[in-house]
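Model the full structure from these sequences, guided by the hints.
Read top to bottom, the protein sequences are chains A and B. To convert a position in the first sequence, counted from 1, into this note's numbering, add 84. Note that this note's numbering numbers the second sequence so that position 160 is 145, with each residue one more than the last.
Do not rely on the hints blindly, as some may be mistaken.
[Stated by the list, open to error] Straight-line distance between alpha carbons at most 30 Å, and here's what the computed DSS-like set of lysine-lysine pairs gives: (1) B/Lys219 - B/Lys263; (2) B/Lys212 - B/Lys200; (3) B/Lys312 - B/Lys263; (4) B/Lys219 - B/Lys312; (5) B/Lys212 - A/Lys332; (6) B/Lys212 - B/Lys263; (7) A/Lys335 - A/Lys323; (8) A/Lys99 - A/Lys323; (9) A/Lys99 - B/Lys219; (10) B/Lys312 - A/Lys332; (11) B/Lys219 - A/Lys283; (12) A/Lys103 - A/Lys323; (13) B/Lys219 - A/Lys332; (14) B/Lys312 - A/Lys335; (15) B/Lys219 - B/Lys200.
It should be emphasised that the hints constitute simulated quantities derived from the structure, not laboratory data.
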Amino acid sequence: MEKTVGADAVWAYRKDVAKRISFITICIVSVFFVILLSGSIGTTYGFWDVYEVIYERIMGITHPTASPEWWRSHYIWNNSLPPIIISVIAGAGLAIGGTVMQSLMGNPLADPYTTGISSGASLGAVSAIVTGFTFSSISGEMGIVSSAFLGALIPAFLVIFLTRFVGNSPTTMILIGVAISYFFNSMVTYLMITTDTDKLQEAFLWQIGSVSGTGWGDIPLMLTIVVFSGIAVGLVSNKLNLMMLGDKSAKSMGLDIENFRTLCLLLLAFLVASIISYTGIIGFVGLITPHVVRFIIGGDNRFVAPASVAMGAFILVSANLISNLLMPIGDIPIGVVMSFVGAPIFLYLILRSKAGRDMF
Amino acid sequence: MIFFLLCIIGSVFLFVYSLGVGHFDCGILEAFDIIGKSLRGEELARQTKHIIWYGRTPSGLMAIAAGAILAAGGGVMQTLLRNPLADPYSMGISSGALFGVSIAVIMGISIYDSSQSYAVILNAFVFALVPMAIILMASRRGDMTPSKIILTGIAVMFVFSAFSTTLMLTTDSETLATVYSWRVGTLDGISWASLGIVSVVGVIGISFLLTQARKYNVMTAGDNSAKSMGVDPKRTTLVGMTVISLMTATVVCFTGTIGFVGLVGPHIARLFVGSESKFLIPAAAGFGGIFLLASSCVARVSGPLGLPVGVISAMVGCPLFIIILVKMRSNVWGSGV
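Encoded structure:
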């Protein structure tokens, strides 16, 4: 990089940067656009009702209990808005989880759940649903959430702990993670086939993942952790770039890869656990978003990380919008919507992509 | 080679042992007696003959055949795609098959004559191959790097999964339970006819992969070196993947999607024999066979109803895998896989 570079190359680089930044800007603008649209979709209320309610709430205007205005305010504030906000947070968080995991492991198949987090969370939630046993001895709705959260952390810690004995290469980490997630999943399967069919259905629904039915109380923890992780990943994105070159190159550039990887995995464990314990296992967005971003703007993590945040939020909030639009037909969870709409687009991007555009 | 022979000998012993194991207890000699009489066509008490001859014998042999096919297929797939996370289902076979089963069970739609009992099997087989067909078509235009192939497989898988999930969500909880148990995979109710089909396909498929072993080795050195050695990497990859897909689809349509053995089986074999395909393929096949058979034995004694073999193989295999990994402390996954 230190050698003299021609003016053309500098200009080309700047143009590239400008393109990347404008892509990120477009994503962020689209997120806000979709949020503005989402408010009234799938409800009987009009487009402006939503903003009236928000205005009223902010200004502290109240209505007499059980009047039509009160119902409107109550419904929009407590039922319509939280899922939208949660889908933005969850999309951003899962996408950044996927980006970091793929860079850490140097593997295009890695996603936020690679260390077995989803299987642990499933075990926590399904055991709470099926047997009533929770890891946190809290019962009811919060019992499922807290049990899923604690369950999610177990496999991640096991992976970190076990790799200390085996040597900390990405491949052994991935394999241990996969083996552990098979183990936990087999226990989930055992619980699900031995229970009655109704509980099977409830557990199955939890595993698919959904943002509907979430409330304001679910937001603070998730938001805090996602924002914190986002900033942390932004700070280390240069190091992530080194990791993608492979362990040897990263080491020779002076990076303490073992500790760096462990720290990142810990961060990811809390990030992903805080999201999926409220929403269930939302697939697709964490795995696909970083690839889509890389296809469009290339593999430099300083840009991929923020772009994935914006893109992930956009994908999930749009899926929520479409899912609400489809409400008259049936309650189709956002995970399914994403796959239906997103997978063909993704396929098209893969087939169209130029050689060398994908980082892997 | 020793590892492979050990696996073979182990399988034979375990198979003999497995005949006597289960809810209906009977000695090994008695089991042999029953098999001998069945082969000679003598009359037997209906119940014992039913359990041993139509139940345990084909199901035990199927465990060996299915385990061998899945593990050998997984090992080659990992080599071809240069990814340790690849398994025989990487081409979306499991999601395609599940889709076929879902539409057969839930909507009653099938390729051919939905009233027949083989409608579900046929549906599973045909739809299992659809993702592979899409990948083959896509590969005709433009170069397919291993990571592009993997991502294409994932994209196709997501589409099929979305369809199946929608169907499973719209149906009642009873039908959901049927489809769900298919997805978990089981070795119960295997007939002699299906065993025959699977073994023939398995023998042909694995032999073919063995003949290609030299090419796979050359390819691990990278595409350019492969080309200079006279191996066309793209062609070899696609042919190998097609053969694996056909083998896997044959297994899956009879047993459901049995996980774990196809992904972790080859890795365990790798820990013993290294990554060279010539040794890896037979070792993985041998280990896969004995491992699935052992799992099915454990599954059978685990309760009166028995647990699905997929569940047991993961529960037993995961600690086993980690112990072996920690004990050997080796890194056989150097460059590539």
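Cross-check of the supplied hints:
1. B/Lys219 - B/Lys263: holds, 20 Å
2. B/Lys212 - B/Lys200: holds, 10 Å
3. B/Lys312 - B/Lys263: Distance ~25 Å between B/Lys312 and B/Lys263 Cα, so the pair holds.
4. B/Lys219 - B/Lys312: Not satisfied, since the Cα-Cα distance of roughly 37 Å exceeds 30 Å.
5. B/Lys212 - A/Lys332: holds, 27 Å
6. B/Lys212 - B/Lys263: Since the Cα atoms of B/Lys212 and B/Lys263 sit roughly 20 Å apart, the hinted pair holds (cutoff 30 Å).
7. A/Lys335 - A/Lys323: holds, 11 Å
8. A/Lys99 - A/Lys323: Measuring from Cα to Cα gives roughly 24 Å; hence the hint holds.
9. A/Lys99 - B/Lys219: Violated, because 35 Å separates the two Cα atoms, which is more than 30 Å.
10. B/Lys312 - A/Lys332: holds, 24 Å
11. B/Lys219 - A/Lys283: violated, 47 Å
12. A/Lys103 - A/Lys323: Roughly 23 Å between the alpha carbons, so the hint for A/Lys103 and A/Lys323 holds.
13. B/Lys219 - A/Lys332: Distance of about 29 Å is within 30 Å: holds.
14. B/Lys312 - A/Lys335: Measuring from Cα to Cα gives roughly 26 Å; hence the hint holds.
15. B/Lys219 - B/Lys200: Status holds; Cα separation ~11 Å.
The structure fails to meet hints 4, 9, 11 from the earlier list, while all remaining hints are met.
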